[in-house]
Structures are given as C-alpha cells and as structure tokens.
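Asks: The listed protein sequences derive, respectively, from chains A and B. Each residue of the first sequence is one higher than the one before, counting from 1 in the numbering used here. Each residue of the second sequence is one higher than the one before, counting from 1001 in the numbering used here.
Simulated from the structure, these hints should not be mistaken for laboratory data. Backbone N, C-alpha and C fix where the C-beta goes; we use that ideal spot for every residue, glycine too. Do not rely on the hints blindly, as some may be mistaken.
Here are the in silico distance ranges between beta carbons for each label pair [unchecked claim]:
id: 1; chain 1: B; residue 1: Leu1286; chain 2: A; residue 2: Ser91; range: 28 to 34 Å
id: 2; chain 1: B; residue 1: Asn1043; chain 2: A; residue 2: Ser91; range: 29 to 35 Å
id: 3; chain 1: B; residue 1: Ser1309; chain 2: A; residue 2: Pro171; range: 38 to 44 Å
id: 4; chain 1: B; residue 1: Asp1100; chain 2: A; residue 2: Ser146; range: 16 to 22 Å
Below 27 Å or equal to it, Euclidean Cα-Cα: the simulated BS3-like pairs (lysine-lysine) are [to be verified]:
id: 5; chain 1: B; residue 1: Lys1310; chain 2: A; residue 2: Lys202
id: 6; chain 1: B; residue 1: Lys1175; chain 2: A; residue 2: Lys202
id: 7; chain 1: A; residue 1: Lys202; chain 2: B; residue 2: Lys1150
id: 8; chain 1: B; residue 1: Lys1032; chain 2: B; residue 2: Lys1154
id: 9; chain 1: B; residue 1: Lys1090; chain 2: B; residue 2: Lys1287
id: 10; chain 1: B; residue 1: Lys1316; chain 2: B; residue 2: Lys1262
id: 11; chain 1: A; residue 1: Lys199; chain 2: B; residue 2: Lys1310
id: 12; chain 1: B; residue 1: Lys1212; chain 2: B; residue 2: Lys1150
id: 13; chain 1: B; residue 1: Lys1289; chain 2: A; residue 2: Lys202
id: 14; chain 1: A; residue 1: Lys202; chain 2: B; residue 2: Lys1090
id: 15; chain 1: B; residue 1: Lys1154; chain 2: B; residue 2: Lys1175
id: 16; chain 1: B; residue 1: Lys1090; chain 2: A; residue 2: Lys199
id: 17; chain 1: B; residue 1: Lys1201; chain 2: A; residue 2: Lys199
id: 18; chain 1: B; residue 1: Lys1317; chain 2: B; residue 2: Lys1272
id: 19; chain 1: B; residue 1: Lys1317; chain 2: A; residue 2: Lys78
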Amino acid sequence: MKRFLPWLILLILVGGLCLAFPPFRVHSLKAVREAQASKQFDAAAFVGRFWGEKLLPATEKAADATQVVAAVASNPAKVREQFGRTVGVSSSYFLFLRGSGRVVSAGDDTICLSLQPEGEVAEVVVPLGLVFGNAVRDGTGLLDSSSYPNAQEFNDISAALNRMVETNVLPQLQQMAKVGTRIQFAGCVEVADEETDLKPLKLVPVTVKPE
Amino acid sequence: MKSTLIHRAVAVATACLGLLFAGSASAQPAAKTKIAVVISTLNNPWFVVLGETAKARANELGYDATIFDSQNDTAKEASHFENLIAGGYKAVLFNPTDADGSVANVLKAKKAGVPVFCIDREINSTNAATSQMLSDNYSGCVALGQYFVKTVGKEGTYAELLGLVGDNNTWNRSKGFHSVVDRFPGLKMVAQQTAEFDRAKALEVMESILQKNPDLNAVFCGNDAMAMGAYQALVSAGKADRIKVFGFDGADDVVKLIAEKKIAATGMQFPKVMAQKAAEYADQYLKGKRDFPQKVPVKVDLVTPDNVSKYGDYGKKP
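Here chain A stands alone, though its shape is the one from the complex:
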C-alpha cells in the first residue's frame, strides 16, 4: 500500500487538474447544430428589412428613365459614364431608374412599356417568370460585398431579393398591366452587352403602381 501511495496521490492530482482544466469537452451534436443554425445568416429576414427600410426609399433618387432612354438614343457610349454603376472589375454595369410608362403589350413572358405619352415602341421591357442575376443587389449601390466575410451570404441576399421580385412585384405588375394603362415603376437593369441590353432596357422592377 505504501508503495502505491505516491501513484495514488499523483492520480488524484492529475484527476483534479483535468477536472479544473479539461483537455477536451464533449458536446452533443444536436446542441452544436442548434448553435450553428442560430448563427447562420438569414437572408430572407435581412432582405425583408432591407426592402422596406432602404431599397424602396432609395427609389426616389433613382435616375429618370426618360433621361436614360434619351441618352441611349443620342449617345449610348455615355450611358455608362452618366448613369451606370460598375461593381469591381467588369465589362457589365447596372442602371437604377424610375419613371412611368404606357403598357404597349402584356404577354405571358414580358410586359412592355413606352415612356412616350402615346408611344407604341417598347423602350422598357419587364421579363416575367423566374428572376436571376444581381441587378437588384448591385444596381442601387446600397450593398457592398466587402461587408460580408463569406461571399455566400452576399449571394444569398441576391437570391432573396430576386424572390421578393418574383413573389411580390411581378404578380402585382401582371394584374395591373393592360394595354394602354400607365404604370409608375422603379427598378434595376444589368447591361452586359450594350448592343442588346439598352434597346429596350430589360428592367427588374422593385416597385410598380398604376399612375
């Protein structure tokens, strides 16, 4: 017994140290997953707040669509310089505009607007159906990728914004768009190819209402 006493004391000391300063901890997988889920970025909730608090108020400062269309007609090369927003290194750019237009056609795939009071030529086209791309996220300048450590959060915001357009804005537009009616709108345009994307402007609307 005396021979084992020092080992017993050592064991008790080591045991005490491990209790006070555990070399590892055991957590249940469920608890870890719940903790991770609570930290995960909720893009839908973010966009819900962003849409009402920042995006819609910002439409007041969007460029006048009539001026943009006039610039497209007179000097397309200047449109980017005057009205465009480029994100990072890119040959594409975005426009953020508002205006009112007369519905010249309302089909299953698109709704076409003329900005002229009695115009028949489509100057702004709104594609219907699924919305992809970053026009709404990047077109306004309100959001910056540098604020997000993980690009996926920034990408999730884009997808959530597109869903808002699909579920909230486009159905409203389809309901009110009858040939001859006038509609006020604000939204964003991505210009990837100036030969095809300026005439007409393909608009992703963030707000529409009858005039």
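Based on these hints, arrange chain B on the given structure of chain A.
Replies: Structure of chain B alone, referenced to chain A:
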C-alpha cells in the same frame, strides 16, 4: 623626419583606398524589394497562369517576386508564410488553400506588417487581408445554370463534380448553379461527388457515375480540369456526343473544345486580370496607399460556342 613622411604617405594611401571602396559600394544597385506569390497548387495549369502572371507583373513593377507552391496543403502554406515573413518579403500575393484555415496565416503576416492580397479565392475574414481580388463564381454559375437549362432542356438527368470541399469557390459555384437549375423540377441530379478539382480524379469519378447512370444528359464540373477528365471518360465510353459537359475557369483546352462544340460551356475567370491587379495593389501599398476595397469582385463571363471566338489565352482577345 623620414618616418613622418612615411606615416603621412601611408595615411594618404589609406584614405584613398577608403574612398575607392566607399565609391564602389555606393555604385552597387540596391537589392530589390521582395514580393511572395503563394499559390494553392501548381498542379493545375490555371493556377500556374495565376502565379506566373502575378510574378511577371510584380517583376515588371520593379520587385523581386518568388512563387511558393502550397500543394493544396494548409500546413505547407503556413510554413511558407513563416519563411517569407522571416525572409524579409514585403508583400504577399496569395491564393489560399482554405477559406477558414488560411486566415491564421494572413493574420500572422499582417501582425508582421506584411500586407496580403488574396487572388481568386477568399478567406472568411474582412480584417485580415489588405484586399481580396475575387472571381464572382456564384454569379458566373448562375449564368452557366441558365445556359444549362437552355441547352439541356427543362427535363433530364445530370451529375455534378465538385471541387475541394474546403474551398469557398466549390460551394459558390455549386450554389450558383443550383440556384437556377433546382427551380426546374424536371431536371434531376443523379450524382454529386467531389473530384477535388483534379482531372485524373474526375476521370475516375465520371467512369464510376456512368456505370450507375448510363443515360445521363449532362455533367456540370466545378472547374475545367475536372471537365476535361469527365470529357475523357465520356469519349472512352463512346458517349461524348450525347452527354453535355459544362466546366468553369476558362482554361485554354476547354475553350478550344467549346469552339469545336465538344464541350458545352465554361465560365471565363480572367486569372491574368486578377493576378495583375493584385500585383498593382501591392505596388500601390508599398508606395504608401492604404485605402483598398476589402473585396474586389471580378466578373466571370459565360463562354459558349456562340461567343467563344472572343476568348482565349485565359482571357478576352484584344
């Protein structure tokens, strides 16, 4: 008297010799400032282009640039960082191996006063690197996904080959692609497996997928090296004309096969633009500039048989 004269002669001769050596020392060129180019792997031609372009631009700007190969190993990458900090490198052009694992290496450099400019791949921190030049992989794959639906149709089966699971780009690309394709319930993914961005692994994985799914319509690969491996497997199986292959990167070999309509599409990432810009940022930093954007997205262009003539040599043709 005679000894005084001798002493004076020796003193004058010594002074002349001293002036001669001082003159020759000041005539020697000052050592160039060293910049490190740390690349995740040189086992992939795309990353070789990234590294060589960064090095060449840094050299053009007057620096002495050296490439370090991390061999896709975060531990090796850490060792490079320790060596380059100790070795007096003044800036790092950095292609990370792991979005989380590489943060500690960048912070070490930052603590040592060495700015780090990430190229192509991000790290999950916005206050470690001085700036990050990042391909917009997600948006590039959204465009690719839209083209996939257009060419494959709204119904069919496909497989997906993923890249390295620890690389944010793997998931940015996959999620971008799925954000489109998953909206079409008629398109079913029958297999999704990592081939680690490697051509040889992709060949093996594709062969295995084909055995279980001989009637696939398409395969989406998270990079062009894997697209080449998958294409090779399809050629061996006699199915290359029936199963469409989609890649991502803009590698020369895939661009050539797109021109021949043997591969459906890829996303051009512009490695040369990113690498050159990172070197230029490092130069600006070393000359005193401090206000850099934390993230600079670089747009990815969709390359298809319709526009492939505009692309080549890892970029857009002039």
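Asks: Taking the hints in turn, state whether each one holds.
Replies: Now the hints, each set against the structure:
A hinted range of 28 to 34 Å for the beta carbons of leucine 1286 (chain B) and serine 91 (chain A) is consistent with their spacing of about 29 Å. In this structure, asparagine 1043 (chain B) and serine 91 (chain A) meet the distance hint of 29 to 35 Å, their C-beta atoms being roughly 31 Å apart. For serine 1309 (chain B) and proline 171 (chain A), the Cβ-Cβ distance of about 41 Å falls inside the hinted range of 38 to 44 Å, so the restraint holds. Checked against the hint of 16 to 22 Å, the pair aspartate 1100 (chain B) and serine 146 (chain A) passes, with Cβ atoms roughly 19 Å apart.
Using a Cα cut-off of 27 Å, the hinted pair lysine 1310 (chain B) and lysine 202 (chain A) holds, with the two alpha carbons roughly 24 Å apart. A C-alpha spacing of about 25 Å is found between lysine 1175 (chain B) and lysine 202 (chain A), which places the hinted pair at or below 27 Å, so the restraint holds. Proximity of lysine 202 (chain A) to lysine 1150 (chain B) is assessed by CA-CA distance (about 19 Å); at most 27 Å being required, the pair is judged to hold. Annotation: proposed proximity of lysine 1032 (chain B) to lysine 1154 (chain B) is violated, straight-line Cα distance about 58 Å (limit 27 Å).
In summary, the hint linking lysine 1090 (chain B) to lysine 1287 (chain B) is supported, as the alpha carbons are separated by about 12 Å, within the 27 Å threshold. A threshold of 27 Å between alpha carbons decides the hint, and for lysine 1316 (chain B) with lysine 1262 (chain B) the separation of about 20 Å falls inside it, so the pair holds. Distance restraint check for lysine 199 (chain A) and lysine 1310 (chain B): the Cα-Cα separation of roughly 23 Å lies within the 27 Å cut-off, and the hinted pair is therefore satisfied. For the given pair, lysine 1212 (chain B) sits about 26 Å from lysine 1150 (chain B) by alpha-carbon distance, which is consistent with the 27 Å threshold.
For the hint linking lysine 1289 (chain B) to lysine 202 (chain A), the alpha-carbon distance of about 39 Å lies beyond 27 Å, and the restraint is violated. Proposed proximity of lysine 202 (chain A) and lysine 1090 (chain B) is contradicted: the alpha carbons are some 47 Å apart, above 27 Å. Between lysine 1154 (chain B) and lysine 1175 (chain B) the CA atoms are separated by roughly 18 Å; this keeps the pair inside 27 Å, and the hint holds. Restraint check for lysine 1090 (chain B) and lysine 199 (chain A): the C-alpha separation of about 50 Å exceeds 27 Å, so the hint is violated.
A C-alpha spacing of about 46 Å is found between lysine 1201 (chain B) and lysine 199 (chain A), which places the hinted pair above 27 Å, so the restraint is violated. A C-alpha spacing of about 12 Å is found between lysine 1317 (chain B) and lysine 1272 (chain B), which places the hinted pair at or below 27 Å, so the restraint holds. In summary, the hint linking lysine 1317 (chain B) to lysine 78 (chain A) is supported, as the alpha carbons are separated by about 24 Å, within the 27 Å threshold.
In the structure shown, a violation is registered for the earlier hints numbered 8, 13, 14, 16, 17, in ascending order.
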